[in-house]
Amino acid sequence: MSEVLLEAKAVAKHFGGVKALRDVSLSIRRGEIYGLIGPNGAGKTTFFNCMTGLYVPDGGGFSFSGTPLVADAPHQAAERGIARTFQNIRLFGNMTALENVMVGRHVRTKAGVLGAMFQNAATRAEEAAIRQRAIDLLHYVRIEDRADDLAKNLSYGDQRRLEIARALATEPQLLCLDEPAAGMNATETAELRELIDGIRRDGTTVLLIEHDVKLVMGLCDRVAVLDYGALVIEDVPAVVQKDQRVIEAYLGA
Amino acid sequence: MDIFLQQIINGLVQGSIYALVALGYTMVYGIMGLINFAHGEVVMIGTLVTITVAGTLLKAGMPVALAGMAGLMAAVLVCMALGWALERVAYRPLRHAPRLTPLITAIGMSIVLQNLAMMLWGRNYMTFPSLLPKVDFELAGANFTAIQIIIVLVSAATMGGLLLLVYRTKLGMAMRATAQNPAVASLMGVNINRVIAAAFVIGSALGALAGVMVGTYYEIAHYQMGFMLGLKAFTAAVLGGIGNLAGAMLGGVLLGLIEALGAGYIGDLTGGFLGSHYQDIFAFVVLIVVLMFKPSGLFGEKTGDRA
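So the protein lines, in turn, are chains S and P. For the first sequence, this note's numbering gives the first residue as 1, with consecutive numbering after it. For the second sequence, this note's numbering gives the first residue as 1, with consecutive numbering after it.
Just so you know, these hints were derived from the structure itself, not from any lab. Some clues are possibly wrong.
Now the stretches of chain S that chain P is said to cover, found in silico as 3 or more residues with beta-carbon under 8 Å [as the list claims (entries may be wrong)]:
(1) 74-87
(2) 102-109
(3) 126-140
Every residue, glycine too, gets a C-beta built ideally from N, C-alpha and C.
Working from the sequences, and respecting the hints, build out all of it.
Take a look at the structure:
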């Protein structure tokens, strides 16, 4: 199998007395769709937050394409090639859909304060390129006709798509989706599934946190199950589905 | 009617200056929720640097236009550096402190800068060199000068430029994104520290420009001049809805007009009991009224979405 893109080594995180993550170790391979599932409160989102630099882990750490991932500030995780969406959508509501995606291009472009003030040719060319790439991404997630609408005025499904487009704008090697199907109907979920599959085909590794077990089992190459902050199992869907501990975690033992 | 028109003109000029200074308050507040009370002192230092640089060059025999430009450039550069240093030294270490802490620090920085200016430039009033030709115009019984026209035009152009920067460029987009949600903006690769520093630097450049305008207009400067100007501009920012750029511009002009008209008519209204030197009360009456009845200001949005 192919190389490991992200490796978590004994990652631990406590909130007061609550052990949100207990020495979680797992590895995501380049090019796969990796599912992370578990009951509510199992620590899935905490794991995301540690990985993207929003939280500092209390123990363990991550390595990303072979080198340690030291995320002092979240923009460094973005620079390394990790992008994410949020369980509760967090768009820039008062900016247009197009602008939201353009913000995501930040990490891959360089014109600074002086360029912005004096508008030299290089800055203008770069800003035109950012705009074009953002339009392409809106096409990619099929909401190009909403480009000039404020993000807060988009439908729920379109907001989810916009978040994915914004994350893709950072040119991630690893795209982390936090419950992208939450609140979606069957049609929207089917479209989302197609979109995620397409993203992987185009070369981006996907980490998927999801409650919709059917979606995860149908889409993912490998699945990890968290329960009470600890890793229960990490394997292909067919094995995970039959695992007694997973069934207990979901149904209560 | 001539006093009315006259005071409208005076108010527009004063208001343009308030607006430029108010933008410095509102940009910083919009992005990080901090009221930088030292901003008035940045303006003051802009004025005093211009006096020193332009004055020295004039004495050395340089033409007025060149000396004036050099003075303005020096003021802008010094103030940009000062704004950057303020953020780096005084506010960044307190980014995650309770909100009262940076506020008190801001007042402290204001005192530090005033005293620093007193040590460097002395405690006496200083004369600002005449950098613009004195030409008078008359319109329907009201007088105005070339300086006044230039102040209004340059302010308007600068504010237009700022709006372009904020709504048309990548940096502006990063600033708006950071104002709405710093955590998510940084996950998208926006370097929050750079964006906040940019807000301070740009706001200080506008402040320096305002400082030069104040000097040119009143031809006098003093190390304490930034205090009252800063409070007035802060009032203008609150009036327009602090955090909102268009609000700061409109608030500045409105405040200038209210003050000028108030000063023009207060004598008549009180039967000569209060004279036009009471004009300062209008700004603070406005501040109190806004805070009582519409604390979010003219263009301000509901608060509560700030972390």
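Discussion item. Using C-beta distances, would you say chain P covers the region 74-87 of chain S, given that this needs three or more residues below 8 Å?
Written reply: holds (count 8)
Worksheet item: Counting residues of the region 102-109 of chain S whose CB is closer than 8 Å to a CB in chain P, do you get three or more?
Response: holds (count 8)
Worksheet item: Are there three or more residues in the region 126-140 of chain S whose C-beta lies within less than 8 Å of some C-beta in chain P?
Response: Answer holds; 3 residues pass the 8 Å Cβ test.
The structure agrees with every numbered hint stated previously.
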